[in-house]
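Put chain B on the given structure of chain A with help from the hints.
These protein sequences, in sequence, are chains A and B.
Using my numbering, the letters of the first sequence correspond one by one to residues 7 to 594.
Using my numbering, the letters of the second sequence correspond one by one to residues 7 to 594.
Note that these hints are calculated values from the structure, not bench results.
The reader is advised that the hints may include incorrect statements.
To be verified - Keeping only pairs whose Cα atoms sit at most 25 Å apart, straight-line, the calculated SDA-like set for lysine to any residue is:
#1 Lys-207/A to Gly-219/A
#2 Lys-303/B to Arg-496/A
#3 Lys-404/A to Gly-545/B
#4 Lys-552/A to Glu-448/B
#5 Lys-303/A to Lys-504/B
The lines below spell out each chain.
2 protein chains.
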Amino acid sequence: MRFKMLRKYVPIFDWGQTYDRTAFGNDMIAAVIVTIMLIPQSLAYALLAGLPPEAGLYASIAPIILYAIFGTSRALAVGPVAVVSLMTAAAVGNIAETGTMGYALAALTLAALSGAILLAMGVFKLGFLANFLSHPVIAGFITASGMIIAASQLKHILGVDAGGHNLWEIVTSLIAHIPETNQTTLIIGICATGFLFWVRKGLKPTLRKLGLGVRMADVLTKAGPVFAVFATTAATWYLGLADKGVKIVGEVPQSLPPLTMPDFSPGLMADLLVPAILISVIGFVESISVAQTLAAKRRQRINPDQELIGLGAANIGAAFTGGYPVTGGFARSVVNFDAGAQTPAAGAFTAVGLAIAAVALTPLVYFLPKATLAATIIVAVLSLVDFSILKTSWQYSKADFIAVLATILLTLGLGVEVGVTAGVVLSIGLFLYKTSRPHIAEVGLVPDTQHFRNILRHKVITHPSVLTIRIDESLYFANARYLEDYLYDRVVGCKNLKHVVLMCSAVNEIDLSALESLEAINHRLEEMGISLHMSEVKGPVMDRLKKTHFLDELTGEVFLSQFEAVSKLTDGQVAETPPSTEPKIKLV
Amino acid sequence: MRFKMLRKYVPIFDWGQTYDRTAFGNDMIAAVIVTIMLIPQSLAYALLAGLPPEAGLYASIAPIILYAIFGTSRALAVGPVAVVSLMTAAAVGNIAETGTMGYALAALTLAALSGAILLAMGVFKLGFLANFLSHPVIAGFITASGMIIAASQLKHILGVDAGGHNLWEIVTSLIAHIPETNQTTLIIGICATGFLFWVRKGLKPTLRKLGLGVRMADVLTKAGPVFAVFATTAATWYLGLADKGVKIVGEVPQSLPPLTMPDFSPGLMADLLVPAILISVIGFVESISVAQTLAAKRRQRINPDQELIGLGAANIGAAFTGGYPVTGGFARSVVNFDAGAQTPAAGAFTAVGLAIAAVALTPLVYFLPKATLAATIIVAVLSLVDFSILKTSWQYSKADFIAVLATILLTLGLGVEVGVTAGVVLSIGLFLYKTSRPHIAEVGLVPDTQHFRNILRHKVITHPSVLTIRIDESLYFANARYLEDYLYDRVVGCKNLKHVVLMCSAVNEIDLSALESLEAINHRLEEMGISLHMSEVKGPVMDRLKKTHFLDELTGEVFLSQFEAVSKLTDGQVAETPPSTEPKIKLV
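Next up, chain A with everything else stripped away, as it sits in the complex (with noise of 0.2 Å):
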């Protein structure tokens, strides 16, 4: 009994007891292929949140091993990801200069927050809150989002000192600061871009055309960044570029993860919190939705509440092991899971091969031009860019094209904090705002059928002395006095309406607001000589309607269905005679 709870909070103590040679020879495989990519990808995403370069290898060491105990995801490679690297940038910018102590301290800071707020997600299972991120405006903060990142990196690609948090501001600084271009480095950023988005498109149908295998051509592609990094390293070592202006990684350390302690003071905690919170969600949401894809195409499953304990132990062990925060990737996922990765092993192995990595190999990337890393990032996040959801959602729903409009505008104008933050209560808005004004129809008898439907779009039966309304939303507090309103106004001047039936087959719930509406519509329409009945009322409304009086004081019936209600409040006019041979019945 308590071996299956640890089971179930530890998942490794599962599918470690099935672990066999066959599953360790492929995980060995993928963590050799992802260390080879990652190593490049580290460095650059730490360049991009402002850390020195082996902060990126440190947080891909620690959380890999503390999610493989952890997480749920046997494919899932946790570690820096670009949007995260981002807005860690831009949260802890504001706080200390990009360099210094105070700014590697409170990227601790945060990574320790986000850890934590992760873990208590996971423990009050409130998993369910990333849902309100909807997908248009994850579309549209990531489209943002790799625009800025991309936007950002130039200049890198240019050899200048140009910053800002926003499309606008780094655009601008960039522009004032071409003069300063360095000509050299333009030159290495140029071509590493230019080969890395060659590998990305050309290299593997080349490769496959020469002969090789899927597989070795996927692999060789992979490691197309590898390349890059190799031969820019070689040529500005050579030819000496650092001493011409170009910028070059430098030292790194030759050392495994420290022991880092964040910085708990109140007032940084405070500064970080709402920040923390973004990038724990955004985070948990870009994770959750790689595990999925990749746990369905092997008919796995995740528990959501349980990735969010991953997260936040792989985050809590960055922040203790001198990283900063970390989510499931998106690419790095992708070739692990393609590399044939079978177990959460691979992850462990992985970040094996890293801190061999950060122990010996640190020295042969001193000469890397910073442009290289650069230019990998940038090829990297313009994959994520895509507008097509604002054609998407333009012809699908106004509503969603707003939220993702906005979502992409802000974004790039007022930065990742405030354009996700928009996105989300905007959504919430409009569903809000579209639930406080339903769509309300007057429906009649489908002929032949014991169907009814909305009189505008369909030919049906009606009846003078019976109005039926169907509502199409769930009663609360912000659609009450709308039905209110809809209602009287309908009513007024029906000379023969003696009966109003609502019915209710969308109304999945009446609050007590609304059901105040109902008693001052039930009482409004006795004061006119009208009944109000209801129809097809759910068995949870019905349930809670029992526990009022408001069934002893409604005028009319509750029935079961809206075809025994018209049958018995029109003495079966409507349902048993054809419409073609009585005068009484009105077709619409």
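Chain B in isolation, oriented as in the chain A frame:
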């Protein structure tokens, strides 16, 4: 045409055309009664707002006239009210010391801002925003505000200098000051309070027993506060009680409302913006509730957006004539209505009466003890305190209960602004939470009908190859994933399952996120050899789906009715054969 526009936006041109002698007579009588009642009330509410007594009179003059011109309610009386006075004190008290010039100036700015917000809401037809204050939250807020107001007035009854913005602060401050109690003040205060309670509860029956008519008894009862004011003022003057430490109103300038200019400095406006929004919304909700209740009694209609314009004009009037934020008050409007007011002209006559009082009668209140005014307020607001909403909401809906409890506790503990904001946020949050995990029912055919209901609640017919799921909620971003998870869990291990039908009678919208989920569900079920169908999709939802590729990719069909869907998918087995004679059919 132009005159019609004018009549729409300036309703006085509407009712003014048919104004006659009878209406004039009725309005005059109502005005006299309301004026008598308003004099002590206006002074008292100014005291509550922390302003000099004349501010209460001024706030009743121009606003009443402006509302008479722009408002639509025929009985609403606009002026200072208890809750808005308390909110003014809370907002302005954060900015300036009571009794200073800055305090009075900030109150003018608050009225101007509030007026501008109300006007803007009216022009942009944003009156629906007030619907997001649910009935239980309003009830809880009014109850808690009543308690705070009553507690805040106890210092005047004791004759001490206590303070505080929430119940806890007020009570502890009062207890600390008890030793300084002025006994003469206390006697006046207790007598006045006792007398006013008796007037409220016991006077009317007594007068009726003495043979007075209903109307006369009513007028005398409403004039109770005037008797209390008269008696205590006379006693204070005659016995020289001011020298014994009884605090009196003192000198009130004899003047018409002065022309004043609010302070429009940006810093102050920024500080007062949030309180102004809250005051506007709360004031509007109070006012519109009263106006609609009274209009319903005479079968008149209120136009909420025009009401916003009327209240906005009234507040701007208050800002420029030495007043402070105003709204349509419950007590005064009911008196106005009961006294027979027929048109907004009654309000204008009341304004004339109050102007005469401001010019001629203010010396008479020199010796009026503040304790009497406090007694007036206490007796008025305690009638607002009503905890029955806690019981009602507890029995009916736990979500409503949580919202009302939080509103009451936070208003009492942290003040009016936090309380009402928390109530609104919590109501919306709980609504979103509920819609994010919708009720999902598996349905079957009710025998001998074409009607489908929940298999857990009704005796229905189902078929092993067809699973029908009724989703009791619109599908949108917050619950899209929930439906996916539910369906995958449900279909796993159903070997004979061939068709899944989503019965969409309660689905009022499918947003882009949900559409993507449906596409994923369709695709996943297809891989399992199950087709996905939909039934009873509503017109507006279907219109939108037709714009996408979803219907082309759907493995199944879209049926007009659930009955049609099941009849076709089971080759009529479910629909035509009685359940008892056919073993293939499962009766649940």
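| task | Sort out which numbered hints this structure fails and list those numbers smallest first. | result | Violated hints: none; all satisfied.
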